[in-house]
Amino acid sequence: AQKVTQAQTEISVVEKEDVTLDCVYETRDTTYYLFWYKQPPSGELVFLIRRNSFDEQNEISGRYSWNFQKSTSSFNFTITASQVVDSAVYFCALSEGGTYKYIFGTGTRLKVLA
Amino acid sequence: EAGVAQSPRYKIIEKRQSVAFWCNPISGHATLYWYQQILGQGPKLLIQFQNNGVVDDSQLPKDRFSAERLKGVDSTLKIQPAKLEDSAVYLCASSLKQGLSYEQYFGPGTRLTVT
Numbered sequence: 112a113q114k115v116t117q118a119q120t121e122i123s124v125v126e127k128e129d130v131t132l133d134c135v136y137e138t139r140d141t142t143y144y145l146f147w148y149k150q151p152p153s154g155e156l157v158f159l160i161r162r163n164s165f166d167e168q169n170e171i172s173g174r175y176s177w178n179f180q181k182s183t184s185s186f187n188f189t190i191t192a193s194q195v196v197d198s199a200v201y202f203c204a205l206s207e208g209g210t211y212k213y214i215f216g217t218g219t220r221l222k223v224l225a
Numbered sequence: 040e041a042g043v044a045q046s047p048r049y050k051i052i053e054k055r056q057s058v059a060f061w062c063n064p065i066s067g068h069a070t071l072y073w074y075q076q077i078l079g080q081g082p083k084l085l086i087q088f089q090n091n092g093v094v095d096d097s098q099l100p101k102d103r104f105s106a107e108r109l110k111g112v113d114s115t116l117k118i119q120p121a122k123l124e125d126s127a128v129y130l131c132a133s134s135l136k137q138g139l140s141y142e143q144y145f146g147p148g149t150r151l152t153v154t
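So the protein sequences, as listed, match chains U and R. Numbered according to this note's numbering, the first sequence spans residues 112 to 225. Numbered according to this note's numbering, the second sequence spans residues 40 to 154.
If you're looking for bench data, these hints aren't it; they were derived computationally from the structure. Some hints here could point you the wrong way.
Below, simulated EDC-like cross-link-like pairs (lysine to aspartate or glutamate); rule was C-alpha separation at most 20 Å, straight line [to be verified]:
hint	chain 1	residue 1	chain 2	residue 2
1	R	K83	U	D166
2	R	K83	U	E155
3	R	K136	R	D102
4	R	K50	U	E155
5	U	K222	U	D166
6	R	K54	R	E142
7	U	K149	R	D96
8	U	K181	U	D166
9	R	K117	R	E107
10	R	K83	U	E137
11	U	K114	R	E53
The model shown is predicted, which means the values in this text are computed figures rather than measured ones.
Generate coordinates for the entire structure from the input sequences, incorporating the hints supplied.
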């Protein structure tokens with residue numbers, strides 16, 4: 112059965128620190144996609160990244176980077192030099208072939224303190 | 040490009056009352072989703088439409104929840120009668136097509152409180 116685990120419920124860091132949010136997934140499919148979304152206090156889920164199961168290249172976008180490792184079924188998200196505006200709840204999600212529906216983790220609340 | 044629109048943003052009702060939520064997806068998006076997000080949890084899919092047809096409603100409590108997308112654009116989600124455990128944020132999302140590589144874009148949600 113498909114499952115997404117975000118073991119970190121809440122993380123607090125001081126501005127300019129680096130922080131990594133963990134995501135571990137379970138799936139029996141060989142074709143699947145992984146996603147990260149940001150949910151600021153306004154409530155809207157904002158798309159950050161999509162990664163398919165055949166592409167294990169790490170990705171960097173500005174201060175954000177993602178590390179996808181199929182061997183450990185992990186898709187971790189790192190924010191470098193965190194800023195107060197990064198404070199939000201971050202969700203990891205899995206989508207499998209056949210159903211296409213998203214399975215979300217429980218989210219990690221990130222608090223960046225000035 | 041306008042995003043996914045939802046209304047109302049907030050709703051407070053008493054248990055056993057009925058309530059309806061409205062969603063207008065991004066123009067041209069064929070696939071529309073309704074999610075329920077209970078406080079402290081990730082969103083859970085309630086129903087998925089492809090144009091005006093239902094693709095997946097396996098997690099929709101059909102004894103009290105209903106949804107429609109009559110013309111393949113706007114959608115409404117209704118709860119009748121509401122229960123205390125229905126208190127949650129109801130998120131609408133849309134994607135260009137149904138498929139793994141199409142990311143979903145979310146609206147701001149409707150926060151429902153049932154007292």
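Hints, one by one, checked against the model:
1. R:K83 <-> U:D166: Roughly 27 Å between the alpha carbons, so the hint for K83 (chain R) and D166 (chain U) is violated.
2. R:K83 <-> U:E155: 15 Å, holds
3. R:K136 <-> R:D102: Roughly 29 Å separates the two Cα atoms, so the pair is violated.
4. R:K50 <-> U:E155: Holds, at about 17 Å.
5. U:K222 <-> U:D166: Violated. K222 (chain U) to D166 (chain U) sits at ~31 Å, over the 20 Å cutoff.
6. R:K54 <-> R:E142: Violated, at roughly 35 Å.
7. U:K149 <-> R:D96: 26 Å, violated
8. U:K181 <-> U:D166: 10 Å, holds
9. R:K117 <-> R:E107: Status holds; Cα separation ~9 Å.
10. R:K83 <-> U:E137: 17 Å, holds
11. U:K114 <-> R:E53: Since the Cα atoms of K114 (chain U) and E53 (chain R) sit roughly 34 Å apart, the hinted pair is violated (cutoff 20 Å).
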